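**Q** Sequence:
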Amino acid sequence: MTKLSVNINKIATLRNARGGNVPDLLQVAKDIQKFGAHGITIHPRPDERHITYQDARDLKNVVYTEYNIEGNPQHNFIDLVLECKPDQVTLVPDAIGAITSNAGWDTIKHKDYLTEVIQEFQRNGIRTSIFVDANGSMVEGAKKTGADRIELYTESFAHQYGLGNHSAIEPFVKAAIRANELNLGINAGHDLSLDNIKFFKDNIPNLLEVSIGHALISESLYLGLDNVVNMYLNKLK
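Sequential numbering from 15 applies to the sequence shown in the numbering used here.
No lab work stands behind these hints: they were computed from the structure.
Values in this document were obtained by computation on a predicted structure and should not be read as measured data.
Some hints could be false.
Claimed, not checked - The calculated EDC-like cross-link candidates involving lysine to aspartate or glutamate, where the alpha carbons are at most 20 Å apart (straight line), are:
#1 K212 - E184
#2 K157 - D126
#3 K212 - D240
#4 K74 - D45
#5 K24 - E233
#6 K17 - D162
#7 K249 - D209
#8 K24 - D38
#9 K17 - D216
#10 K188 - D216
#11 K249 - D216
#12 K158 - E195
#13 K17 - E80
#14 K123 - E154
Claimed, not checked - Derived CB-CB ranges, DEER-like:
#15 L196 - D126: 15 to 25 Å
#16 G176 - I92: 31 to 41 Å
#17 G176 - E97: 38 to 48 Å
#18 N197 - R137: 14 to 24 Å
#19 N30 - V76: 10 to 20 Å
#20 I191 - D38: 34 to 44 Å
#21 R137 - R32: 36 to 46 Å
#22 N197 - K125: 33 to 43 Å
#23 N197 - P37: 33 to 43 Å
#24 N220 - G139: 17 to 27 Å
#25 D120 - N248: 35 to 45 Å
#26 N220 - G50: 14 to 24 Å
In this text, a Cβ means the ideal position worked out from N, Cα and C, and glycines have one as well.
All chains, please: the whole structure from these sequences, using the hints.
**A** In structure tokens, the structure reads:
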């Protein structure tokens with residue numbers, strides 16, 4: 015079964031919009047795990063506009079499944095990850111001020127930098143994953159950095175699938191096959207939803223994990239968080 019990691023950034027966004035502690039981020043993380051999710055993902059950004067660095071520290075004592083911290087490996091982020099020691103760190107090339115992630119790494123251009131950062135995390139027992147586009151060259155570049163996994167950036171698939179273009183899965187299948195050949199684990203995320211997750215999972219060989227936040231939280235407004243988590247789990251079997 016492909017594992018489900020729930021990104022709780024949107025819970026923090028809602029809390030921060032009003033101030034105070036409603037909704038309670040830590041309680042939501044506890045509940046999501048109780049409902050059956052395999053992990054919790056957060057993506058703190060430098061301006062801390064949703065997940066704060068203190069949230070990352072507090073969650074360390076709450077997440078008993080898999081703890082995944084995503085972000086651009088700038089100095090403060092690296093220090094935070096080394097302090098929290100999550101199960102997995104996912105490296106994302108976010109520009110400062112970006113609303114959301116919008117591209118994978120150029121693993122060839124940034125090979126030396128990524129290699130250095132990955133070695134530091136791995137020395138501390140943290141599994142590493144690199145956010146990449148569905149491009150064979152970028153997958154091969156990720157392998158050369160020493161990363162344990164890649165996370166396929168799935169926005170283009172999700173957009174085209176919503177338009178009825180199921181052939182949009184093809185570059186992702188090719189990238190996954192290449193990753194399998196290189197013994198790279200495969201994660202995926204960005205705009206995956208209840209509408210497209212089963213098709214994606216059924217077509218990607220050896221998909222280990224998906225990280226889903228915006229769609230899952232939005233769907234939960236109508237269907238309930240417990241229900242939606244289990245709907246995803248059923249589609250990922």
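**Q** If a hint holds in the structure, say so; if it doesn't, say that too.
**A** Hint by hint, here is what the structure shows:
1. K212 - E184: holds, 15 Å
2. K157 - D126: Measuring from Cα to Cα gives roughly 12 Å; hence the hint holds.
3. K212 - D240: OK: K212 and D240 at ~19 Å, within 20 Å.
4. K74 - D45: Distance ~15 Å between K74 and D45 Cα, so the pair holds.
5. K24 - E233: holds, 12 Å
6. K17 - D162: holds, 16 Å
7. K249 - D209: holds, 10 Å
8. K24 - D38: Roughly 12 Å between the alpha carbons, so the hint for K24 and D38 holds.
9. K17 - D216: holds, 13 Å
10. K188 - D216: Roughly 14 Å between the alpha carbons, so the hint for K188 and D216 holds.
11. K249 - D216: Judged against 20 Å, a Cα distance of about 9 Å means the pair holds.
12. K158 - E195: holds, 13 Å
13. K17 - E80: holds, 10 Å
14. K123 - E154: Given pair K123, E154 holds - Cα atoms ~12 Å apart, limit 20 Å.
15. L196 - D126: 15 to 25 Å: holds, 19 Å
16. G176 - I92: 31 to 41 Å: Holds: the Cβ-Cβ distance is about 36 Å, inside 31 to 41 Å.
17. G176 - E97: 38 to 48 Å: Because 39 Å falls inside the window, the suggested range holds.
18. N197 - R137: 14 to 24 Å: holds, 20 Å
19. N30 - V76: 10 to 20 Å: Check passed, 18 Å falls within 10 to 20 Å.
20. I191 - D38: 34 to 44 Å: Given range 34 to 44 Å: holds, Cβ gap about 43 Å.
21. R137 - R32: 36 to 46 Å: Roughly 41 Å apart at Cβ, these two residues keep to the hinted range, so it holds.
22. N197 - K125: 33 to 43 Å: violated, 18 Å
23. N197 - P37: 33 to 43 Å: holds, 40 Å
24. N220 - G139: 17 to 27 Å: Since the Cβ atoms of N220 and G139 sit about 24 Å apart, the hinted range of 17 to 27 Å holds.
25. D120 - N248: 35 to 45 Å: Roughly 37 Å apart at Cβ, these two residues keep to the hinted range, so it holds.
26. N220 - G50: 14 to 24 Å: holds, 22 Å
Consistency with the previously given hints fails for number 22 only.
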